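Chains A and B are the protein sequences, given in the same order.
Take any residue in the first sequence, note its place counting from 1, add 677, and you have its number in the working numbering.
Take any residue in the second sequence, note its place counting from 1, add 972, and you have its number in the working numbering.
Worth flagging that the hints you see were computed from the coordinates, not collected in a lab.
Computed from a predicted structure; not experimentally measured.
Yeah, the Cβ is synthetic: ideal placement off N, Cα and C, and Gly gets one too.
Warning: the hint list may mix true and false statements.
[Claimed, not checked] The calculated EDC-like cross-link candidates involving lysine to aspartate or glutamate, where the alpha carbons are at most 16 angstroms apart (straight line), are:
#1 B:Lys990 to A:Asp1159
#2 B:Lys985 to A:Glu1162
#3 A:Lys1163 to B:Glu996
[Stated by the list, open to error] Ranges of calculated distance between the beta carbons of each label pair, as one might list FRET restraints:
#4 A:Lys1163 to B:Tyr1074: 13 to 21 angstroms
#5 A:Tyr890 to B:Asp1080: 54 to 62 angstroms
#6 B:His1273 to A:Lys1128: 56 to 64 angstroms
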Amino acid sequence: MSQIFEHISPADFFYRNRDIAGFSNPSRAIYSAIRELVENSLDAAESIGVPPDIFIRLTRIKESGRGVSVYELRVQDNGTGVPSQHIPSAFGQVLFGSKYRLKQSRGTFGLGGTMAILYGQITTHHPAHVISSTGDSRIYEYRLSIDIRRNRPIILQRKSLNNDRKWRGTIVEFRLEGDYFRAMPKVLEYLKQTAVVNPYANITFIDPRGRLYMFTRATTSMPPPPKETKPHPYGVDVEMMQRLIQSTDARDMLTFMVETFHRVGKSIAKNFLKFAGISPKRDPKKLRPDEVVHLVQKMKIFDEFLPPDASCLSPLGEELLKAGIIKEYQPEFIAAIQRKPSTYSGHPFIVEAAIAYGGNIPKKGDIVLFRFANRIPLLYDESSDVSWKIIKSINWRRYKATPDMPIAIAVHVCSTKIPYKTVGKEFIADRPEVSREILFAIRYVARKLQKFLTRVEYKQKELRRLNIFARYLPKIARFSTDLAEKKRAPNVDKLIRSVKRIEED
Amino acid sequence: MKERRKRVLQALKGLGEKIYTQIEKGRFPWIEMPSRSTDNIYYDPELRQYILGDKKIRRSAGNIRHIASFTKLVWTAFFVRELTRERKTSTLRDLYYSAQAYEMSFKDQAESDNIITDLETVIGHAREDFNVFPEERSAVFGDLTIEYNVPGYEGKRLNLTSHPDGVMIGPALTSADFVKTSADKVIAIEKGGLFTRFIEEQVYRKFNAILVLTAGQAPRATRAFIHRLNTELELPVYIFTDGDPWGMHIAMVIISGSANAAHLRDLTTPDAVWSGVWATDIVNYKLPSDKLTDVDIKRLHELARDPRYKGELWQREIKTFMKIKKKAEQEAFSRYGLTYIVDEYLPAKLEGEA
Chain A
678 MSQIFEHISP ADFFYRNRDI AGFSNPSRAI YSAIRELVEN SLDAAESIGV
728 PPDIFIRLTR IKESGRGVSV YELRVQDNGT GVPSQHIPSA FGQVLFGSKY
778 RLKQSRGTFG LGGTMAILYG QITTHHPAHV ISSTGDSRIY EYRLSIDIRR
828 NRPIILQRKS LNNDRKWRGT IVEFRLEGDY FRAMPKVLEY LKQTAVVNPY
878 ANITFIDPRG RLYMFTRATT SMPPPPKETK PHPYGVDVEM MQRLIQSTDA
928 RDMLTFMVET FHRVGKSIAK NFLKFAGISP KRDPKKLRPD EVVHLVQKMK
978 IFDEFLPPDA SCLSPLGEEL LKAGIIKEYQ PEFIAAIQRK PSTYSGHPFI
1028 VEAAIAYGGN IPKKGDIVLF RFANRIPLLY DESSDVSWKI IKSINWRRYK
1078 ATPDMPIAIA VHVCSTKIPY KTVGKEFIAD RPEVSREILF AIRYVARKLQ
1128 KFLTRVEYKQ KELRRLNIFA RYLPKIARFS TDLAEKKRAP NVDKLIRSVK
1178 RIEED
Chain B
973 MKERRKRVLQ ALKGLGEKIY TQIEKGRFPW IEMPSRSTDN IYYDPELRQY
1023 ILGDKKIRRS AGNIRHIASF TKLVWTAFFV RELTRERKTS TLRDLYYSAQ
1073 AYEMSFKDQA ESDNIITDLE TVIGHAREDF NVFPEERSAV FGDLTIEYNV
1123 PGYEGKRLNL TSHPDGVMIG PALTSADFVK TSADKVIAIE KGGLFTRFIE
1173 EQVYRKFNAI LVLTAGQAPR ATRAFIHRLN TELELPVYIF TDGDPWGMHI
1223 AMVIISGSAN AAHLRDLTTP DAVWSGVWAT DIVNYKLPSD KLTDVDIKRL
1273 HELARDPRYK GELWQREIKT FMKIKKKAEQ EAFSRYGLTY IVDEYLPAKL
1323 EGEA
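Only chain B is shown next, with the shape it has when bound in the complex (with noise of 0.2 angstroms):
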């Protein structure tokens, strides 16, 4: 992790010098970075993730249309290289309000939250590493002894069973090292009543697993977290979801990334596994469940078609929600009886997967 801070000062440094040498030379500083337009968005099959084409844009200030959001941006280089300097932490609603202090204001966060999506772009680096985190919710819980890096708790430990509702992934985990662990699977969650039932029902210790929330779709911090957890810890990792296209679909940001942070690599995990709820346990569960809506089976539509759901699974699972037209949440195991899905549901799923 400190050298990763390391290459992000470095980076900002880079930049601040080629814009200062554009400048005294008496030319319009100007930079380029590759262009996030969606006709320069493509799937890598091999990486498995969307990843940016060739195409560059360049931004100058010698341009009238530019130059407010290229000193925005200069100006949030500036910023956060004092932030990751000093180790302090920021989130994008404060990094929208500190611009203020210096008569910089952007319309809206929307604006902020572009201009740090382009400096990421610039400086190939992910916001977490020169720390703006958004509002964090995700949590994770089980038998991981992390250290942190964080100013004030350098080298402090922490076991990540010692919080019965959890540890909050938010910065200081997020740039904490991994020191050991037992559990050798990851399953992430992605409602918080059924994190909180897998830890009253002791699951990390059953299936010696670490549990992540991801509390809906899964924020960059969580998803970088879990990839190290499968890179680093070289854990396998099981997604739970509901069983509809849109928990369908957060597994899938999980495994294969989105279009948004086509720029950014490390975010994905392309070996996680989607295990349920599938369209199939609904029929073979005999799951209590709703009728599809209209916007549930346009979307359906639209992931059918979509390159990362070209695999065997996905699309047999498409098929069958189109077919069946229902949809089922995780909680519907309950009708089973609160223990039913981490009694039989579960240990048949991993089963199944291994």
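Just chain A, same shape as in the assembly (with noise of 0.2 angstroms):
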């Protein structure tokens, strides 16, 4: 008996799993590919400050059978660019990428562009066509395959062009099979809801009906982008700590806190040095595994370290949140809220919350719930998602609030690390810390909105009241002028502005 370990390459075990990367089915694969591309757009342009400009189409090249067709995706950006000598990994080799940092951004995996050219690769196999510049004189073209058991990419053709109007960008176009029309409903929401989420960006989408979908901006600040940081104590595991231990120039432990360490400042450093019974004076380089072992777990229980700071962070800001919902909404109210940022195991995060009311929010017989995580927006397993559970845990009839109203929530969570379930990147799992933060910024914004309810209902209360009078008063005097044989009724105005209590406002 002999068993036989074969090596596979991640292109090859995403191309046997593509399942949890989002590509399950014809449908499900049209939605991961223009999302995916899409992030990445939205990404490259946010990473140096310029509202994307953001073009998808999607044409049907010919029929497979049984509503499943070959599509060509093309997607086009106005964003950083790729470097010419990057372009091959970056669209022909799974998990490259530039995003192994730790600050926030739409993907994590380094799978996104990559997995959806290489699951276009194998139900087509037509190769995929990328065009960049970082808007320097040169732009430059490749045809590219995955070389799949390998991992690597197969430059089919490379050209290189003059850029003489500058053009800074990048266009994305390859083929693959799929069912765009099961699949159009989340396609559109999906795009709807990134420009909800996204108000600064311009997106374009014409579908295989040619027909035009356009998001436009409503305004062009964004929100400050994301800054890279250390890492904070409270997320580090024993083999990160040997890692930083090995890279560090400090000589000794307190100068190797302070340096290393987010938020650790000398005072801090020293307590939590004496804490764990470490002198500030040793070596880092010099501690035994078990003391390195011994460190990580004195970190993860001290509690004087300070929270991460948010400036890693980059959430929308409550205006811009609000911005989105009334530009795709309309709503009669909306209320916004970001809370404080917060942590768990060590990641920095930040939850934003908004409540809107009427306009074109439909009237589901439910609450419409939007979820957003690092600005993209969560379509699938809404009922394992922690806001979705929240909402249902939440006694809506205390803020006034009936399922028959047209109510949307949005609530987005930015972090370094958005403690997913799945690859598939669908849904947030129920982390205490994480759901506790949306609790309260939900509770908040449902409260704002009660304030709202009670005044709508008290008004129409007031307007009925006011109608009442409006409508006996002059029958009152009319009939008792006639009883009092009277030739002119008494004027019943006075009266009537007597019993307004609001005032029209």
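Hints given; two lone chains; assemble the complex.
Structure, rendered in structure tokens:
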């Protein structure tokens, strides 16, 4: 008996397990491909502080039967562009990415774009076409395919063109098999919600029927870009600690603590080392393995570390969140909150929430939930998401809200590491620290809604009250005039005015 | 009767002036009336009827919960003033529908009936005085000459024996003046069958009586009519009903009135006599009878506690009913032949009372 161990490349692994990356069926494949490329484009524009302009075109090439067709997807952006030498790897090698740093960004797995191209290749055997420029004098154009077994790009053709007009951005074009007509509702919903949470982006989509969808930006103001940050003590494991020790220049533990970790100053470092029973003068490189383990354990339970600051995060902000919802839904009322930064397992996160009432918000017989994570909408597996569970746990009657009302709630979680449950990045896991923040945020905006609804209810009641007086007083005047055998009815305007308790506002 | 009409018109005008003046002074008009809730209804042993106590309620147009009914009350006053001035009449149902022409719809007739009762309390007149009547079904027969006051019939006279089915006690008869009569008593009868029998058997002549058919519980117009026969013509009143708690109570309402009409006077005839059918008659005359039902017995218990039933006769009959647990209809006398009730029972009863 012998066992054969086979090494498989990451590309091979995802080829065999494409379900977990969101390419489980022809409809989902279309949705995921569009989503991955759009998110890369948004990141590419935001990273240089440019309001994104994104153009998406999906063209049907030919039928392959049973509702499935071969489509050509083209996504163009005005982002940073990919340097020529990185283009083959960026689009032809799985797990190659520029996002392995501690800052908030949309993708985290380095899979997105390449996974879509990989899926296209295995369903159509057609190479991908990538054109990009960083805005310098050249534009580079590649025809690529992926060597799945070796996880390597195969360059079929490379061209370098003059960039006289200083164009900057990236165009990705490839073919894939899918079912757009089944995917359509989700694709359109995705684009609409993306427009909500990126109100500074222009998104244009031409679908296979030739229909044009335009989501025009409502503002050019963008949230400040996230900064890279040092690791927070709570989020460090033994493996990471060893790497940090290896790479540090510090000669003593005190300096090591201050230089290596996020928001650790001298006095906190001193207190911590005393707490951990390690001398501040020790050379970090001379710690024994068991001391390293001990250090990490103590770090997790020391409660004087400051929470991570949010400079590495880029929340949308209350105003932009509101602007996005107002732009797409024109509600009668909207309230938003940005919670203070918080942390789970050393990962900073910020929860933002908004509640909106009326306008074009659909009456679903239930609250409409928009879930966002790092400025991307989450559309699938709503009922597994922590926000949904929280909304369901709230007694909305206390806030005067009833299921028949057009109410939408948007929850935006941003973090250097969103606690997704799956690689498909569709729902957020129920972490106590995160769910508490979401609960507080929703409660806060719910109270604002309650105030609004109370005011509306009061106004309606007052209006009804006024109407009753305005309806009956003239009649009383008229009938009593007749009864008293008088000629002219007394004036009731003064009486009607006197019952007015609200001013028109 | 003309005097009464004048007083009604004056009272309605007074109500209008009061409201008009209040509005003119920039105030929300209000009116006050005796409360008709059960805690303000008392039995007055002297008057021998229910009366209202001192509790007043104030209804104000400045109160959102009052303004609709306040307006409806003013409209009703306005409407009945037109009726009274033009000497026209309206049924309760008519009035309910008439309101709709003024965008004043009542929820149902119960509401409009209630508002009319409010108006009665406010101006102190029964609705018959301002020409609003219920649907009529009671009748009168006997040697009484009346003179009509209704438009088109002013001065016309009628003898109430002229129609062999009797004359309906409607608005025209209620407002008529009594001219003359040869009768020396009034016999009120619960059921139409017996009323007809009495006319056929010439009871009115044999006993010198005016016959009144109450047709079940006597309508207020009929009670007012009996009251007038008793007070204006000084005729004693005898009442014949079925021998059960319900028949007893028909007699009692004619005699002492109802709680619903506690705000009104001149509807009762305290000296009227319930002449039968008694529980003791069921025993003495061996009348065919039915068993008392649970509902009947429950009703008897209620009556036993009612202040109007304090009298010796009433208590005796209630006890007898409870003892024999039987009831009998007026028609039960037919067992002894169709004329027995007139030839034997009635003389005995009238004699017994005299």
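Given pair status - A:Glu1162, B:Lys985, alpha carbons within 16 angstroms: The given pair, whose Cα atoms are some 7 angstroms apart, holds under the 16 angstroms limit.
Satisfaction of hint between B:Glu996 and A:Lys1163, Cα-Cα up to 16 angstroms: Holds, at about 12 angstroms.
Need the status of pair B:Lys990, A:Asp1159: alpha-carbon distance at most 16 angstroms? 12 angstroms, holds
Consistency of beta-carbon spacing, B:Asp1080 to A:Tyr890, with hint 54 to 62 angstroms: Between A:Tyr890 and B:Asp1080, where Cβ atoms are some 57 angstroms apart, the hint holds.
Is the hinted range of 13 to 21 angstroms satisfied by the C-beta distance from A:Lys1163 to B:Tyr1074? 19 angstroms, holds
Is 56 to 64 angstroms respected by the C-beta to C-beta distance linking B:His1273 and A:Lys1128? For B:His1273 and A:Lys1128 the Cβ distance comes to about 58 angstroms; the hint holds.
Hint compliance for this structure: no hint is broken.
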